[in-house]
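Asker: Quick one: dock chain against chain with the hints and give me the complex.
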Amino acid sequence: AQTVTQSQPEMSVQEAETVTLSCTYDTSESDYYLFWYKQPPSRQMILVIRQEAYKQQNATENRFSVNFQKAAKSFSLKISDSQLGDAAMYFCAYRSGRILQGGSEKLVFGKGTKLTVNP
Amino acid sequence: GAGVSQTPSNKVTEKGKYVELRCDPISGHTALYWYRQSLGQGPEFLIYFQGTGAADDSGLPNDRFFAVRPEGSVSTLKIQRTERGDSAVYLCASSLGRVTGELFFGEGSRLTVL
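So the protein lines, in turn, are chains P and H. Heads up, the first sequence is in my numbering, so the first residue is 1 and it goes up one at a time. Heads up, the second sequence is in my numbering, so the first residue is 1001 and it goes up one at a time.
Only chain H is shown next, with the shape it has when bound in the complex (with noise of 0.2 Å):
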């Protein structure tokens, strides 16, 4: 596709479930971004991956929290016992991985946890 596919655009699941984020980033992007935006904030980091492998995952908030990206393309971001706190927009982006590289954002996924 032309730009950052992102899905579901809306998951509505209920406390303790577990849940998968999907993230499609732009064909020949090595660079791939989980951000997390709560409800009147700023995105803030989750992940950020370079081909395979997470190069960093510091943002990630508890062990609840995984992701990954076997092949280098699609990214799964996963939640496990979901809580009500992780209610939440989450943005997924990609560059070309270059240091002043763009990055081009999807359109998130809203995450609601009854």
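Only chain P is shown next, with the shape it has when bound in the complex (with noise of 0.2 Å):
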């Protein structure tokens, strides 16, 4: 079974700094997508980012930018320029890329990291 770990339950950044989220994942799979999500206090959770596996050329959007290192499994998260808004929970996610195949459609997600932005 596919596992997430996400090693920081918080982080804290200042307003206008950038700040890098952790994420691990352990998987036998070569195709699969990964995913960071942002949780506010509404709880509705949103997305970020998204990388496929096989795209070797990591995703952004924006301010936020994806490092992936298949080879270690890892998928760090990079916030530029942070926001008082970006404060949120953020939750790393794991989907199996052979879903035609048989594989599971579920999300996988780690404990998350709460990150807090100090003006």
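Rather than coming from a laboratory, the hints here were simulated on the basis of the structure. Hints may be right or wrong, so weigh each one.
[As the list claims (entries may be wrong)] With a straight-line Cα cutoff of 30 Å, these simulated DSS-like cross-link-like pairs (lysine-lysine) come out:
| no. | chain 1 | residue 1 | chain 2 | residue 2 |
| --- | --- | --- | --- | --- |
| 1 | P | LYS78 | P | LYS55 |
| 2 | P | LYS70 | P | LYS114 |
| 3 | P | LYS78 | P | LYS114 |
| 4 | H | LYS1017 | H | LYS1078 |
| 5 | H | LYS1011 | P | LYS114 |
| 6 | P | LYS73 | P | LYS114 |
| 7 | P | LYS55 | H | LYS1017 |
| 8 | H | LYS1015 | H | LYS1078 |
| 9 | P | LYS73 | P | LYS55 |
| 10 | P | LYS111 | H | LYS1015 |
| 11 | H | LYS1078 | H | LYS1011 |
| 12 | P | LYS111 | H | LYS1078 |
Answerer: Written out as structure tokens, the structure reads:
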């Protein structure tokens, strides 16, 4: 079974600075997807960024980028120019890419990292 | 509605009671998921529907938990003989069902069992 580990329960960053959240995962599959979700106090999970394992290029979405190291099974999230609205829980998640071959549709989540942004 | 809607937002019940949690997905989304998020944890998968059928119910913890989606739209998660350990936020998500389809989550139903 796949597992996702987030080793930083809490992180803090000064407004306008850069912060990196860590995530490692364990899988025997070669085809999969990785995600970072943000969960503000409203509880609604919001997709921040997605990475396909077959793509070597790291995904970017505006101020958010990832460092995907497939061999190391590492998937970190970098937030540049941090804003007060970035404060939330951040969850790393894994999804099988072999769904058409019987792989699971489900997302496997880590335990999350609470990000605080200081003004 | 524009997003995934879950009701009730909060539910307090007594141990041993029966509860139902409702999820109204985004119109046109064929895939629907239920997750459970305990305090301080990430969401844990419960069940996945493709259309009306449960394609994967491997995450349901025991036979007290059951979910239905009779018309392929609204889904209800049913919990019988509730226990204090069932207290959690129950999240629902829907997607278009494609392999890379993004999951859209609701705001969850917080269940507290006294």
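Asker: Starting from LYS1078(H), check that the Cα of LYS1011(H) is at most 30 Å away, please.
Answerer: 13 Å, holds
Asker: CA of LYS1015(H) to CA of LYS1078(H), is that 30 Å or under?
Answerer: 15 Å, holds
Asker: Would you check the hint for LYS111(P) and LYS1015(H), treating anything up to 30 Å between C-alpha atoms as holding?
Answerer: Holds, because 27 Å separates the two Cα atoms, which is no more than 30 Å.
Asker: Check whether the Cα positions of LYS55(P) and LYS1017(H) lie no farther apart than 30 Å.
Answerer: 49 Å, violated
Asker: For a C-alpha distance cap of 30 Å, please report whether LYS73(P) and LYS55(P) respect it.
Answerer: Cα-Cα ~14 Å, so holds.
Asker: Given the proposed pairing of LYS78(P) with LYS114(P), does the C-alpha separation stay at or below 30 Å?
Answerer: Distance of about 14 Å is within 30 Å: holds.
Asker: Hinted pair, alpha-carbon criterion (30 Å max): LYS1011(H), LYS114(P). Please report holds or violated.
Answerer: Within the cut-off at roughly 25 Å; holds.
Asker: Between the alpha carbons of LYS1017(H) and LYS1078(H), is the straight-line distance 30 Å or under?
Answerer: 11 Å, holds
Asker: Holds or violated: are the alpha carbons of LYS78(P) and LYS55(P) at most 30 Å from each other?
Answerer: 18 Å, holds
Asker: Are the Cα atoms of LYS73(P) and LYS114(P) separated by 30 Å or less?
Answerer: 22 Å, holds
Asker: Compare the distance between the alpha carbons of LYS70(P) and LYS114(P) with 30 Å, and conclude whether the hinted pair is satisfied.
Answerer: Roughly 25 Å between the alpha carbons, so the hint for LYS70(P) and LYS114(P) holds.
Asker: For a C-alpha distance cap of 30 Å, please report whether LYS111(P) and LYS1078(H) respect it.
Answerer: Between LYS111(P) and LYS1078(H) the Cα gap is close to 25 Å, so the pair holds against 30 Å.
When each numbered hint is compared with the structure, a violation occurs for hint 7 only.
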